[in-house]
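Peer 1: These are the residues of each chain, in order.
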Amino acid sequence: MKTVDFLIVGGSAAGTTAAETIRNLKPEAKIAIVTDENHEQYSRVLLPNYVRHQITREQMFLKKPDWYGEKKIELIRGEKVVGLDSRTKKVNVSSGDEIEYGKLLITVGGYVVPLDVPGGDSESVFYMRTVEDGERIIEKSKGAKRAVIIGGGFIGLEFSSCFRLNGIEEVTTLVRGDYYWSKKLDEESSRVVVGVLEKNGVTVKTQEVPDHIESDGGRIKAVITKSGHRFEADVVGVGIGIKSDFSWLSGSGIEISKGIITNEYLETNIPDVFAAGDCVEFYDPVFERKHMVGNWTNATTQGSAVGKTMSGQRTKFETASSYSISFFSSPHNGACSFIGVTDKDFADKIVVRGSSADGKVTRIFVKKYNGISRIVGATVVNNPVDVGPISMAVKNRVDVAGHIDDIGRLDFDLKTLTSS
Amino acid sequence: MSKKYKITVDRNLCIGAASCVALAMKTFELDGENKAIVIDDGGDEAETIKLAAESCPTKAIILENIETGEQEYP
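First to last, the sequence lines map onto chains A and B.
Heads up, the first sequence is in the working numbering, so the first residue is 8 and it goes up one at a time.
Heads up, the second sequence is in the working numbering, so the first residue is 67 and it goes up one at a time.
It should be emphasised that the hints constitute simulated quantities derived from the structure, not laboratory data.
We treat Cβ as the ideally placed atom computed from N, Cα and C, and that holds for glycine.
Incorrect hints may have been included.
Said to hold, decoys possible - Computed list of lysine to aspartate or glutamate pairs in EDC-like fashion (alpha-carbon distance at most 16 Å, straight line):
#1 A:191 x A:406
#2 A:315 x A:279
#3 A:33 x A:44
#4 A:422 x B:97
#5 B:125 x A:279
#6 A:402 x B:110
#7 A:147 x A:241
#8 A:315 x B:106
#9 A:375 x A:365
#10 B:69 x B:107
#11 A:212 x A:194
#12 B:70 x B:97
#13 B:92 x B:138
#14 B:116 x A:27
#15 A:422 x B:113
#16 A:315 x A:325
As the list claims (entries may be wrong) - What follows is a set of in silico ranges between Cβ atoms, one per label pair, in the way DEER data are often shown:
#17 A:235 x B:114: 54 to 62 Å
#18 A:77 x B:76: 21 to 29 Å
#19 B:74 x A:125: 51 to 59 Å
#20 B:140 x A:12: 21 to 29 Å
As the list claims (entries may be wrong) - Here are some, though not all, of the chain A residues that point toward chain B, as calculated from beta-carbon distances under 8 Å:
#21 46
#22 50
#23 331
#24 398
#25 399
#26 402
Sequences and hints are given; from them, build the entire structure.
Peer 2: Written as structure tokens, this is what we have:
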């Protein structure tokens, strides 16, 4: 049996950042990372850029093999943690090994939700999560003429440009909702996104739910929807969400709801067990509520905060994160950002700047806290200059009560909110 | 605030993920092309700027120590 001071389950953004932070504070500690992927840390954010041939496979990797040796961080790759006994402080690994820990960090992230329809297990049905996914998309897209994308959202947008830049001429996106990305955007913002997609040769079909995938001799022919429509395709890209696997934690006593429950220090209810990144439902002191946040910034900054806490410098996690992507390039480029909390039910008021006619829409979510009207979040479509000042207003908990009407005007400079 | 770093953003690498803006918003912002730009080399504490650079998913932020002239990150 192996014994380490710090054991980290999951080797991506949150886990690797935490390991590095712990090493800086604890030069002599024994640190190990167990990851079910067979790689050093790479950037999932860069995966679509690799698929679009904008960077090499090697450029995706944020850590070289030597880095782990230099930092004396043991990387146990290609192994899954299958059980946890929090009383004896031991985990079981798929290889049959047992590892005893002093402190445990869970940063397992999520796996992609599979397309659960007949024919959905074909080699030419793609996901966008791992290096292997990226390699398969490039390989199988060669010679493909038609692609269908299932799901509108960040991954759907990435698939759109990935397919087009791999030479696929006809790309059709199927979404379940009444309009594109209806779970996260209003109709005006959605119209701007769809406008960009259409200019780049991508068609969007709404209220279409896949029923099955038709194949012939192992080759995909078409996606058939519940409404009976037939969309011809050689390849299919799926982006319908991610989910965490907590089955190995059953019986461990760790409190789990939608994610692993932690306080603002990313401590679970079990002593010496911590959690960070996409798999966590944490108490967020910025918004005074418990929630899950799945993006790169959140994962790295939580990794840094929890690394300090685990090393003895108890640190509150207090960052309002945001995430942006650019899809397609000039002249018909699009950009979309989500800042803070953008739940309709959470906000008291949503102020809209711009319109589809302006080619840009920013929605600002305002909520009252103890008499102060704060911006708690925003969706920003094709208006990236708004991202900085809104992020600043969210972080500084600026009272915008006196500017509610102003912020809805595109000619109002949002920097005014934080300059005084 | 005294400046510690000369900060450069590699525009070819930057994809506008905006991690840096979320963490060091007095130092970085996004421009009209959804790329990060430096608005003030010393806008935030040096430690915050370092964290922002390290959190960049494309390693597009380059930090050069002004005193020593050496590249500190990446």
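Peer 1: Take the hints in turn and mark each one as holding or not.
Peer 2: Quick rundown of the hints versus the structure:
| no. | hint | verdict |
| --- | --- | --- |
| 1 | A:191 x A:406 | 25 Å, violated |
| 2 | A:315 x A:279 | 13 Å, holds |
| 3 | A:33 x A:44 | 26 Å, violated |
| 4 | A:422 x B:97 | 14 Å, holds |
| 5 | B:125 x A:279 | 32 Å, violated |
| 6 | A:402 x B:110 | 14 Å, holds |
| 7 | A:147 x A:241 | 9 Å, holds |
| 8 | A:315 x B:106 | 28 Å, violated |
| 9 | A:375 x A:365 | 29 Å, violated |
| 10 | B:69 x B:107 | 6 Å, holds |
| 11 | A:212 x A:194 | 15 Å, holds |
| 12 | B:70 x B:97 | 24 Å, violated |
| 13 | B:92 x B:138 | 20 Å, violated |
| 14 | B:116 x A:27 | 13 Å, holds |
| 15 | A:422 x B:113 | 24 Å, violated |
| 16 | A:315 x A:325 | 13 Å, holds |
| 17 | A:235 x B:114: 54 to 62 Å | 56 Å, holds |
| 18 | A:77 x B:76: 21 to 29 Å | 24 Å, holds |
| 19 | B:74 x A:125: 51 to 59 Å | 52 Å, holds |
| 20 | B:140 x A:12: 21 to 29 Å | 27 Å, holds |
| 21 | 46 | 16 Å, violated |
| 22 | 50 | 5 Å, holds |
| 23 | 331 | 4 Å, holds |
| 24 | 398 | 5 Å, holds |
| 25 | 399 | 5 Å, holds |
| 26 | 402 | 7 Å, holds |
Hint compliance for this structure: hints 1, 3, 5, 8, 9, 12, 13, 15, 21 are not met, and every other hint is.
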